[in-house]
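Participant: Chain by chain, the residues run as shown.
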Amino acid sequence: MPINYYIFLAMALFSIGVIGVLTRRNAIIIFMCIELMLNAVNLLLVAFSKMHHGAAVAADAASQVGVDGQLFVFFIMVVAAAEVSVGLAIIVMMYRNVHSVDINFLNRLKN
Amino acid sequence: MNAIIVSALMGVVMMFGGILFQNKSTLRLLSIAGLLLLITANLMQTYGFYTIPVEVKGLLSFERFGLFFNTICFVATLLYVLLSARDMEQVGNNTADYHALIFFVLTGVSILTSFNSLLMLFLGVEIMTIPLFILTGSDKRNLKSNEAALKYFLMGSFSTGILLMGIALVYGANGNFNLVPVRASYLGGKASFLEIGGMLLIFVAMAFKVSAAPFHFWTPDVYDGAPSVFTSFMATVVKAAGFFAFLRIFLERADVFGPTWKIVLSIVIIATLLIGNITAVFQQSVKRMLAYSSIAQAGFMLFALWSMNDMAKEGLILYAVAYSLATVGIFAVLIKMKDYTFDGFNGLAKAEPLVALAATIFLLSLAGIPLTAGFFAKYFMLASVVKAGGAIWLVVVAVLFAAVSVYYYFRVIQSMYFKEGQPETAPLSGGFKFMLGLMAALVILVGVAPSTVLGWFYF
Chain A
1 MPINYYIFLA MALFSIGVIG VLTRRNAIII FMCIELMLNA VNLLLVAFSK MHHGAAVAAD
61 AASQVGVDGQ LFVFFIMVVA AAEVSVGLAI IVMMYRNVHS VDINFLNRLK N
Chain B
112 MNAIIVSALM GVVMMFGGIL FQNKSTLRLL SIAGLLLLIT ANLMQTYGFY TIPVEVKGLL
172 SFERFGLFFN TICFVATLLY VLLSARDMEQ VGNNTADYHA LIFFVLTGVS ILTSFNSLLM
232 LFLGVEIMTI PLFILTGSDK RNLKSNEAAL KYFLMGSFST GILLMGIALV YGANGNFNLV
292 PVRASYLGGK ASFLEIGGML LIFVAMAFKV SAAPFHFWTP DVYDGAPSVF TSFMATVVKA
352 AGFFAFLRIF LERADVFGPT WKIVLSIVII ATLLIGNITA VFQQSVKRML AYSSIAQAGF
412 MLFALWSMND MAKEGLILYA VAYSLATVGI FAVLIKMKDY TFDGFNGLAK AEPLVALAAT
472 IFLLSLAGIP LTAGFFAKYF MLASVVKAGG AIWLVVVAVL FAAVSVYYYF RVIQSMYFKE
532 GQPETAPLSG GFKFMLGLMA ALVILVGVAP STVLGWFYF
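Heads up: the sequence lines are chains A and B, in that order. Residue 83 in our numbering sits at position 83 of the first sequence; the count goes up by one each step and never skips. Going from the second sequence to our numbering is simple: count from 1 and add 111.
Over 10 Å on every C-beta distance to chain A, these chain B residues come out as not near it, computed from the model: (1) Pro464; (2) Ile503; (3) Pro538; (4) Ala552.
A few chain A positions that, by computed beta-carbon distances, are all more than 12 Å from chain B: (5) Met1; (6) Ala61; (7) Ala62.
So, partial list: chain B residues that the calculated Cβ filter (under 8 Å) puts toward chain A: (8) Lys251; (9) Leu261; (10) Phe264; (11) Gly272; (12) Met276.
It should be emphasised that the hints constitute simulated quantities derived from the structure, not laboratory data. No residue lacks a Cβ here, since even glycine has one placed at the ideal position from N, Cα and C.
With these hints in hand, go ahead and build the complete structure from the sequences.
Facilitator: Below you can see the structure in the form of structure tokens.
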């Protein structure tokens, strides 16, 4: 399958994520949209990795080009997991205090 | 390498220290000892005595500039811990964890000063910011702290998503994550469409991290809501490291944008200076004023990206020193105040003349008055722009905004010296006053002889 399809799919997912972050009011849903953005990146990295690898193998069968893209995906997953643990803790902490996860309540700092 | 390993290990040591030692002063001493160890380890690598042998496979590269910048960040953290460690204990019961998180932030800082691959850039940024989310929200019962933590977290991870998309697009164009681009031969050494888009996204994400306009809107809320002790750390070491990383990428890759780069950057710089300075004028709370002024200072630091010559590097180092010293100092004073508004400072000069004098020196340095460190920091930044050629109008605009900044910094001085009042402060110990005096002396020393700092850079 040509790489274009993967790029379009990843871009669509990424845009859905960005639009969700900008328009939604529920902290958990915003958080899910951010995860969607990260996963769009994962998909794109894997697709590019395969593309570069395919091109390099055609020239040299033992080539390692493109492996680093897939490695990067694992790093993103690990960091995303770390972020989830911190982020959910923050959301729970807020829920305990205001009994809501709606970010419209976040206006105490605006004078 | 020494700094990364030692700081990560010290973070773990501090976490276990929280279980082993109940006594808070023991923890404070442990943290100070760890920072001294960290500075020593980093200096050993800088001067080539001993480097822990690790095969980094080209992911990191250690140069004098980055290692020296590490030293500055660590010394600033040491001064910060010496000044404010007692106030950290006021925030909550988990003192050991706060120190541990600060060490983890320093791990991220030392990765950001030495990354040679976009993978390490991403990891450095994340290792630096994730502990900060926790520190921001550490005042668990305080709604403002909660709100700041959630905002910082959502904005931080949103900008991480943008950064990652940028990196993925650059990877698609080049097929590797090298900091120095290796472009396909059929492009004739030019950047492809994908790479330009990717670098644009990376630019936006980094502008988010260093709070340059128009991506600054989270900064005042987060700096205002976070416990003041941790705002002080966020506004100094972390911000300086963010700028270092910003400069490090775009030193290698700004050519992607061609001549558009300077135009875009000029707009960002002017918007940052404008929004930071003008909004700071209208603030009633000193803490919020300092948050906006940190945006304004970011505008000055962005000049290093504009000129990108050796003088800009020296300027960034001086700016990191001057800005860290002054901001840590003024926040240390602010933490001791009961009332954060300008009126809360009324009559401080009568009640606590030494503290008021030190605070005045810090504010003068932030405003960039000669004989303080801030003057030479601003001077080097602007001189580097002139040296890089053209754009005198940009320098003029920057000087005008520096003049605006004098207004809101001097309002604090005016309250302290020329207004009557009974300022309520937390008890000030002799050690605290001594440290404050030492920092004020350092600000003056760097302001009189900036070569004391810059000389180390070359020798």
